[in-house]
Amino acid sequence: MNAVLKLAWRSLWRNRRRTLITLTSIALGLALTIFMASLGAGVYRQASEGAVRMQAGHLVVEHPEFRHDPSPAHALAATEVVAAARGLPGVETVRPLVVGQAVVATAAGSVGVGVMGVEPEAEIGASPFPERVVLGRYLEEGDVRGAVVGTALARRLKLEPGKKAVLTTTDARGEMTSELLKVVGVFQTGSEESDVFLVQVPIGLARRAWGLPEGAASQVGVILGDPDDLPGVAAALSGRVDPGVAAVRTWREAIPKVAAWIELDTRANRLLRVFVIFLVGSTILNTILMSVLERGREFAVCLALGTPPRMLRAQVLAETLLLAALGTMAGAALGAAVSGWVQAHGIDLSLFLSREEGASGVTVGGFMISPVLRCWLTPEQVGAHTLLVFGLTVGIGLYPTWRSTAVPVADLLRTR
Amino acid sequence: MLTLIHAWRNLWRNGRRTAINASAIAVSTAVLIFTFALLDGSMRAMERNATELAVGEAQVHAPGWLAERSIYQAIEAPERVLEAAAGLGAAAAARSMGFGLLSSGPRSAGVQIWGVDPGAEGRVGQLPQHLARGEWLPGEAAGRVVLGAGLARTLGAEPGAELVAVVQAADGSMGNVVLRVVGVLEGISEGMDRSVALVDRRDFDALFVAEGRVHEVVLSSQGKVEAGALAAAAREAAPGLDVRSWRELLPVMVNMLNIWTVARWMISLIFVVAAGLGVLNTMLMATFERTPELGLVRALGATPGRVVLDVATEALLLGAFSAGIGAALGVGVATWAQVHGIDLSGLGAGNLSIAGVTLETTWRAHLTPGAVVQPVIVTLGVTLLAALYPAVRASRLDPVQALGHV
Amino acid sequence: MRPLAALLFVLLASGLLPGPSWAGEGRSAREVLDRADDLFRGRSSHGRLTMKVKTANYAREMTLEAWSKGKDLSLVRILAPQKEKGTATLRSAENVWNWLPNVQRVVKVPSSLMGGSWMGSHFTHDDLVKQSRMADDFTYETTFEGARGGRDVVEVTLKPKPDAAVVWGKVVVVARGSDLLPVEIVYHDEDGALARTMVFSDFKDVGGRAVPVRWTVTPAGAPGESTEIVYHSLEFDVSLDDGFFSLQNLQR
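Sequences listed follow chains V, Z and Y, in order. Taking the working numbering, the leading residue of the first sequence gets 175, the next gets one more, and so forth. Taking the working numbering, the leading residue of the second sequence gets 33, the next gets one more, and so forth. Taking the working numbering, the leading residue of the third sequence gets 123, the next gets one more, and so forth.
If you are wondering where the hints come from, they were derived from the structure by calculation, not from laboratory data. Predicted model, so just to flag it, every value in this text is computed and none were measured. Be a bit skeptical, because a hint or two may be false.
[Claimed, not checked] To list a few chain Y residues with every Cβ distance to chain Z over 12 Å, as calculated: (1) Arg152; (2) Arg170; (3) Lys193; (4) Val275; (5) Lys281; (6) Pro284.
[To be verified] The list that follows gives simulated cross-link-like pairs (lysine to aspartate or glutamate, EDC-like), each with its CA atoms no further than 16 Å apart: (7) Lys292(Y) x Glu277(Y); (8) Lys174(Y) x Asp203(Z); (9) Lys356(V) x Asp311(Y).
[To be verified] Far from chain V, by Cβ distances over 10 Å, these chain Z residues were calculated: (10) Thr35; (11) His38; (12) Ala39; (13) Ala264; (14) Met317; (15) Gln406; (16) Leu416; (17) Leu420.
Just so it is clear, CB atoms sit at the ideal spot from N, CA and C, and this is done for glycine as well.
Just need the whole structure built from these sequences, with the hints factored in.
Written as structure tokens, this is what we have:
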């Protein structure tokens with residue numbers, strides 16, 4: 175076996191140029207495929223992470239009826255859920271939220287808004303709002319009546335940090351309640367929905383406004399360090415929550431539009447990747463076919479000199495295996511390097527964004543995404559595509575293996 | 033001409049090599065054309081989504097309406113806008129806009145009420161096509177209403193249900209009327225889903241005592257006129273009004289499209305590299321293998337220039353021939369995908385209808401001359417380069433050396 | 123909007139202001155506020171009034187009939203114009219319902235629309251319902267006492283308490299020195315700019331008490347706009363049971 179490999183190796187380097195060309199076909203093809211896959215994964219990951227963090231989280235624990243009727247009456251006693259979720263491995267942050275509809279009024283007028291009651295310390299790093307404050311500051315622990323509002327709402331109600339507003343709503347028992355808000359900051363997300371219609375307040379104030387007891391929450395959001403842990407954490411959390419009291423839902427159920435969009439685009443990307451692989455395969459096929467064609471005379475000489483056909487076939491097969499191994503190794507390394515670089519540095523597309531007012535970002539289904547494209551490289555992607563291209567090369571190489579001993583020796587030796 | 037015939041003959045002297053080369057070029061060209069057409073198609077679908085749903089290609093408002101949305105900020109003499117649109121060959125739809133309360137038993141919601149011209153809406157956009165359930169407005173003042181899907185959920189109202197609308201009318205009175213739900217719209221925009229109710233303009237007039245006030249005129253040329261040009265023309269025809277193209281109305285959408293355009297370039301680039309690589313490597317290898325043959329030609333007295341010219345002619349001929357076949361193939365497949373579309377719901381195991389959200393899953397190509405010409409130029413260029421480089425090298429070699437070249 | 127509500131709704135609901143003379147000693151700020159707030163508890167009223175609304179876009183005049191009981195119950199029915207005749211508003215505590223005879227339905231005004239105009243006037247639904255004791259939400263002090271413009275007045279300035287759910291920055295109440303009845307309430311926003319002014323005038327004797335039967339609201343920043351209410355008839359302590367203020371009776 176060793177001897178065959180050695181022979182094959184020598185034979186490969188006898189025509190260095192041919193070998194290099196074939197290797198380039200395999201390596202560049204694989205690198206392109208890996209780059210394309212990781213870029214797609216990166217974009218979808220960014221889109222879903224952005225959306226997830228503007229909502230509750232990767233997982234949401236809520237009253238079973240909350241989805242159909244998101245009224246404050248459908249709140250749950252969340253203290254235990256929060257504690258259970260915080261104890262799970264893979265969980266980055268647990269965010270108890272109280273959400274509801276209300277009217278915010280100032281002397282300048284009143285606007286119907288969505289209110290999100292949050293624990294400020296759980297939000298930092300978990301949701302994009304703290305980073306999106308353009309005026310003043312985000313909520314802090316100890317804020318009792320603090321509120322952050324979107325830029326468009328601030329403009330409409332003539333609000334700025336230090337100003338006050340009155341929040342009015344109907345509580346869980348149907349009573350009208352009012353709370354004073356003191357604006358501490360103004361955020362701009364680029365999502366029209368958030369910038370016009372969202373107000374974040376400390377969760378205690380939201381509980382008071384909707385008449386909820388201490389520890390109650392409309393939703394408990396769970397943010398994971400790695401979104402790929404979702405199924406495991408979901409199962410673990412479901413095991414610790416009484417299904418009659420609370421439902422554990424994934425972000426796909428919470429924001430189906432974004433999930434469906436990502437799923438659809440992932441498929442489009444997959445289709446395109448099939449085309450690239452097709453091109454790569456046809457390139458490998460053509461270069462290998464070409465080599466075989468050109469080597470007909472060489473095979474004929476070998477056979478004429480008495481090399482056993484089995485031996486020749488083994489050598490050609492070994493050559494293909496070597497080519498495939500070398501090519502895919504180089505390709506995997508190149509693809510991973512390029513993807514890794516783009517993952518670390520990102521491709522900043524904000525150059526292509528309009529600077530008009532109100533056009534501060536990019537959104538998908540109302541959720542902001544970052545204009546910096548980043549790859550998301552996983553060993554699985556690299557492994558799967560490497561195997562695929564390796565298999566493709568070896569499959570294609572079977573033809574020349576068979577072909578090497580089927581050459582019409584006499585004819586070939588006669589020509590030239 | 034003689035050179036061409038000579039080159040053509042020469043190509044078929046090694047038929048198998050030429051066939052391999054030709055197939056590499058043809059496949060690359062075809063896949064590039066198909067991909068470019070698909071990418072153009074998805075771009076068009078996004079732009080269409082932006083314009084065809086509710087926004088149109090351009091909109092006309094009274095100055096200040098966009099900021100305040102007061103029922104009193106109506107377009108003066110809206111007829112002249114409609115006439116101007118007709119003069120530009122664009123469809124136009126007038127809308128009246130107001131705010132009010134819709135209630136159904138104990139449930140109620142504050143909504144934007146649009147008074148629309150049901151027939152004209154179908155000409156400027158796709159609103160009538162986005163009914164998830166029920167029917168479009170009947171085109172007469174019959175007290176019918178079409179709701180956004182989110183709003184329908186909030187109100188618990190499906191087609192057939194009766195709602196009460198209460199509004200502050202333009203004369204300060206409390207306008208109220210019973211409306212029957214005929215349809216539910218889905219998948220247009222978050223805002224429309226959540227808070228828009230559509231009624232006939234005549235019903236709107238009666239409810240709001242609006243006296244024919246028009247707050248928005250939507251213009252669409254169905255893509256015949258570029259949106260910016262359409263807006264400019266409308267601006268000229270209706271001085272004193274606030275005319276904006278959809279690009280000015282939806283800056284976030286424009287950003288999204290810009291990002292997607294760049295992403296499309298990157299995908300195109302990946303494809304150009306992959307396709308180019310196919311042609312390049314096959315052609316390079318083929319020409320390198322011909323080094324001894326070219327040495328022979330040199331030995332027989334041909335000048336290096338002559339050798340290079342011959343190889344270039346052969347490459348061009350081969351390229352043109354194969355790219356032509358590839359283009360025909362690519363155009364064929366792309367046309368098929370333009371007419372029938374590719375159903376993405378069939379790809380992948382996951383369910384695309386997540387929690388009742390439905391997306392357009394058919395991916396339609398859109399074939400433009402650019403999507404054919406660019407791939408052909410790319411493959412021809414690569415073919416020529418890949419042939420010239422080894423040919424130039426071979427022509428410079430000592431003929432004897434070249435002959436012995438393996 | 124609470125201070126307005128506190129005074130205004132008392133007016134709207136009961137149609138009168140306190141009668142007992144309140145001259146001399148102890149004209150404290152607190153008393154000026156309590157006059158308006160407290161003395162109507164448990165009292166009932168019935169009256170007819172005209173409401174004239176002038177805005178940049180329309181002018182309208184309505185004739186209304188109003189009943190009230192205590193601080194929490196009131197019912198207002200439109201008598202004219204003909205087009206809106208029969209339309210009625212019922213308030214019970216902080217809830218407001220409208221009866222719409224055209225469509226034969228009762229519609230509850232949701233909290234999201236409480237900031238909207240009531241019957242096209244410069245009053246919002248909030249103005250009708252947001253009752254609270256001004257003294258609870260504001261700190262107050264007498265800022266002027268004596269003759270001004272030829273009459274004896276007491277001016278009380280109210281500033282919202284730090285946590286009070288009030289949008290105003292400052293409210294100034296001017297009351298007659300003789301009986302501490304308010305003659306003017308001026309609202310300022312957080313920056314101190316004038317937001318709106320209410321003026322009470324035409325004090326008449328009703329059942330032995332002085333009552334302002336004309337009051338006018340003028341929003342700042344909208345020249346020429348106003349809402350004016352004039353009572354034509356008014357009686358107190360009419361017998362109305364709580365069932366009168368029911369959804370069934372609203373639909374009558």
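Now the hints, each set against the structure:
No beta-carbon of chain Z comes within 12 Å of the beta-carbon of Arg152(Y); the shortest separation is about 38 Å. Against the 12 Å criterion, Arg170(Y) stays outside the reach of chain Z, whose nearest CB is about 20 Å from its own CB. With 12 Å as the threshold on Cβ separation, the claim that Lys193(Y) sits away from chain Z holds: the shortest Cβ distance comes to roughly 25 Å. Chain Z leaves Val275(Y) outside its interface by the beta-carbon criterion, the shortest separation being 34 Å against a cut-off of 12 Å.
Consistency note on Lys281(Y): stated as away from chain Z, and its beta-carbon is indeed over 12 Å from all of that chain's, at 31 Å minimum. Every Cβ of chain Z is farther than 12 Å from the Cβ of Pro284(Y); the closest lies at roughly 31 Å, confirming the non-interface assignment. Between Lys292(Y) and Glu277(Y) the CA atoms are separated by roughly 13 Å; this keeps the pair inside 16 Å, and the hint holds. A distance of roughly 13 Å separates the Cα atoms of Lys174(Y) and Asp203(Z); the hinted pair therefore holds under the 16 Å criterion.
Restraint check for Lys356(V) and Asp311(Y): the C-alpha separation of about 15 Å stays at or below 16 Å, so the hint holds. Here Thr35(Z) stays apart from chain V, with its beta-carbon at least about 25 Å from theirs, past the 10 Å limit. Residue-level check passed: His38(Z) sits 21 Å from the nearest beta carbon of chain V, beyond 10 Å. Taking the minimum C-beta to C-beta distance to chain V, about 20 Å, the non-interface status of Ala39(Z) holds against the 10 Å cut.
Non-interface call for Ala264(Z) relative to chain V: holds, since the shortest CB-CB distance, roughly 17 Å, exceeds 10 Å. Some Cβ of chain V comes within 10 Å of the Cβ of Met317(Z); the nearest lies about 5 Å off, and the non-interface call is violated. Every CB of chain V lies more than 10 Å from the CB of Gln406(Z), the least distance being 16 Å, so the non-interface label holds. At the 10 Å boundary, the C-beta of Leu416(Z) stays outside the reach of chain V, the nearest C-beta of that chain being 17 Å off.
Every CB of chain V is more than 10 Å from the CB of Leu420(Z) (nearest about 16 Å), matching its label as outside the interface.
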